[in-house]
Structure formats: C-alpha cells, structure tokens
Amino acid sequence: MNHWYMLTLVGEDSPGIVADVTHALFEGGCNLGEASMIRLGGNFTIMLMVQTRLSRIELDELVRPAADARHLLVHVDSIEGRLHQHAEPDVQITVYGADRAGIVAQVTGVLAAAGLNILDLDSAVGGSSDKPIYIMSIEGQAAQGIEALEQALEPVREGGIEVSVTPIDTMVG
Amino acid sequence: MAVLPILTYPDERLKRFSEPVERFDAELAAFIADLEQTRLAGPGAVGIAAPQVGRAQRIVIVDVSKMKRPVPNHGYLVLINPEITHWEGHEPGREGCLSVPDFTGNVIRATRIHLKAQNPQGETVEFDMEGFEARAVQHEMDHLDGLLFLDRVVSRRTDVFRRKVYEKNS
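Top to bottom, those sequences are chains P and E.
Quick note on numbering: the first sequence equals residues 1 to 173 in our numbering.
Quick note on numbering: the second sequence equals residues 1001 to 1170 in our numbering.
Hints listed in this document are in silico derivations from the structure and should not be mistaken for laboratory results.
Some hints could be false.
FRET-style restraints, in silico, Cβ to Cβ [claimed, not checked]:
id : chain 1 : residue 1 : chain 2 : residue 2 : range
1  : P       : N2        : E       : L1147     : 27 to 37 Å
2  : P       : D99       : E       : V1003     : 48 to 58 Å
3  : P       : E58       : E       : W1087     : 52 to 62 Å
4  : P       : A98       : E       : I1084     : 38 to 48 Å
5  : E       : M1001     : P       : G81       : 47 to 57 Å
6  : E       : A1002     : P       : N43       : 49 to 59 Å
7  : E       : D1011     : P       : G81       : 22 to 32 Å
8  : E       : W1087     : P       : M37       : 27 to 37 Å
9  : P       : I38       : E       : L1007     : 31 to 41 Å
10 : E       : V1153     : P       : D60       : 28 to 38 Å
11 : E       : T1111     : P       : G16       : 36 to 46 Å
12 : P       : I38       : E       : D1102     : 39 to 49 Å
Glycine included, every Cβ here is placed at the ideal spot set by N, Cα and C.
I would like the entire structure built from these sequences, with the hints used as guidance.
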C-alpha cells in the first residue's frame, strides 16, 4: 500500500541539493507530490510530499546518504495526501515596515480574528543590517469578507506598518 | 443545443494553431450556441475558446458582466477572428482555466487593449477594453494560438516585491 509522507530537509545552501535528494527518491521508487523549496537566510529548506510503499523509517534511510553528504537535517511525517483539492485564495495581503519583534503575531492575530484563513505566507527580511525591514506576503480566504480584514488592520496601520489588502478575482476561461 | 466535452491538458489539440473562420452560416451559429452552453456549464467561467472543445477555429466567447464585484464590460461577446491592435500597460492577475483543472497562477496581461473582430454575422466590430475583461480576452485569444496560461505563469512569491540584486565586483 502506498503512503504519503511529508519529508522535511534543512541545511546550509549549496548547489545541487534538490537534484541529489530527488534522485535518491526516484531511485528508491518514490513518487513526488507538491513541494515548497526555498532559501531562508542562507539555509535551503525543503518540504516535499513523497508517496511510497516504504515505511517512515525506510524512507528516512533512503534519503539519509544524500542528506548526510550535504549535512542536511531530515524529518519524515506520515500525512494524508489530499491532491486535486486546492483551496483558492480570494485575498492577498502585503505587509512591510521597519523590522521589530511582534509584527507577524500582531498582523496574523487580527487577521485570524477577522476570519482570514492563510493558504500561503512568505516573508523576508530586507534592507540593510543596521536598518532591516520586514516584508510579508499572504494569500488566503476571507470568510467574513475583505471589509472585515480592512477594519481589523486599522490599528496595525496606525502603528506604522504598511498594509495593503487586494481582492483576488480569479479569471477562469 | 448541447454542452460539449471540454478538452483538458495534456490533450495535444489544445496546443494547435486555429484557423480563421470564413463561413458565417447557420452551422457556425449553432456551434456558438453550444459553446456558450458549455461555458455556462463550466464552474464560474467568464470565457471559452473553440479549441477548448476541439474545434480549431478562431472563435471565442467572453462575458464578464455577471461578476460578484462588477467590472467595466461590454456584456456577452462573441469574437470571431479577433485581433488586438493596441496594447497599453501590464499587470499581474490570477487566472485559471477549464482546460487546466485545480490550478491557478498569476499571469501578466496588458491592462488596456483595442480589439478588432467579427461578430457571428461576419460584420467587423471594435472595442476598447480594460482590466478584467481585457484579461479574459487575452486568455481566450491565447487558446487560438495553442497557448495556455501555464505558458505565461509568473512566480507567486516574486509577484509583489520584485527586485534585482546586482553583485559588486562580479
């Protein structure tokens, strides 16, 4: 029986990580699903859906040589592989401001209370090391409408954080 | 009238170049009626192109007049042998496609277009369009050249905050 797993790999970035890891998985008879792979602060991070007949421990052993050769941390979780059921976002929120502790907690706190379900969030620290800026982009579903999000964000804006809320009207043709 | 089967990628027929319409007859009118029925049967589709039902001819339908959040529009449009004669501006927007189920992506399209086409009677019609309607027309016209929105998708991550990094001393 085929199982789905979420394979997580994290380590110092170097060219060829994706090729080495996915080659090992292919040779081991695995099928890949959806993935998020991105460099975060000099670390390369992989979250990868893997379908295989192997047990969790066997999958760990399969990927271990490629991971060890590159000093990557490996973690495997058993998951439900629900493909072909994408949730479509209806709002995009972008946030930026001088970096300080608590921006994400404050922004996502008020958004959650106003009915937002986050589907996709990525953030970066830009600017210079003496004047860092925090930049965040969120896509989600606004269960209580976009106006509710706008209202909830007012106090955040008054605190000097730039926030824009844009409806996503998906054109299907 | 009938709802026609929609071709989905990787059906090769979606990648063909479509031929101009030359005969504006009852058969064409009947096909257009079927094509519109098929569009209405699709989930939330604001447009459809003849190649999506396997007919390699330059025929598209667009109707963005029934949006939840209203947008500037020209109502129900049947565009035959359409041509864009002028483009202005560009912006990203989210697109999906009846021929590519369960995936949407961001695509950059012209913001304003001038469009020349023929109606089902073969008469020349012209439109100035903007925004969502212009996007829908560009998406449907791509089908006539064997292109899907997948050919034009840009990264979701870099959409808003795009910047170039120039390396010193390289």
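Taking the hints in turn, this is what the structure says about them:
Under the hint 27 to 37 Å, the C-beta atoms of N2/P and L1147/E, about 35 Å apart, fit the expected range. Roughly 54 Å separates the CB atoms of D99/P and V1003/E, a value that falls within the hinted 48 to 58 Å. Checked against the hint of 52 to 62 Å, the pair E58/P and W1087/E passes, with Cβ atoms roughly 55 Å apart. For the pair A98/P and I1084/E, the supplied restraint of 38 to 48 Å holds, since their beta-carbon distance comes to about 44 Å.
Distance hint check for M1001/E and G81/P: the Cβ-Cβ separation is about 40 Å, which falls outside the suggested range of 47 to 57 Å. Judged by the Cβ atoms, the range 49 to 59 Å given for A1002/E and N43/P holds: they are separated by roughly 56 Å. For D1011/E and G81/P, the hinted distance range of 22 to 32 Å is satisfied, since their beta carbons lie about 26 Å from each other. Taking 27 to 37 Å as the suggested C-beta distance range, the pair W1087/E and M37/P conforms, at roughly 35 Å.
Distance hint check for I38/P and L1007/E: the Cβ-Cβ separation is about 34 Å, which falls inside the suggested range of 31 to 41 Å. Range check, V1153/E to D60/P: Cβ separation about 34 Å, and the 28 to 38 Å hint holds. Evaluation of the 36 to 46 Å hint for T1111/E and G16/P yields a pass: the beta carbon distance comes to about 41 Å. Between I38/P and D1102/E the CB atoms are about 23 Å apart, so this pair departs from the stated range of 39 to 49 Å.
The earlier numbered hints that this structure contradicts are 5, 12.
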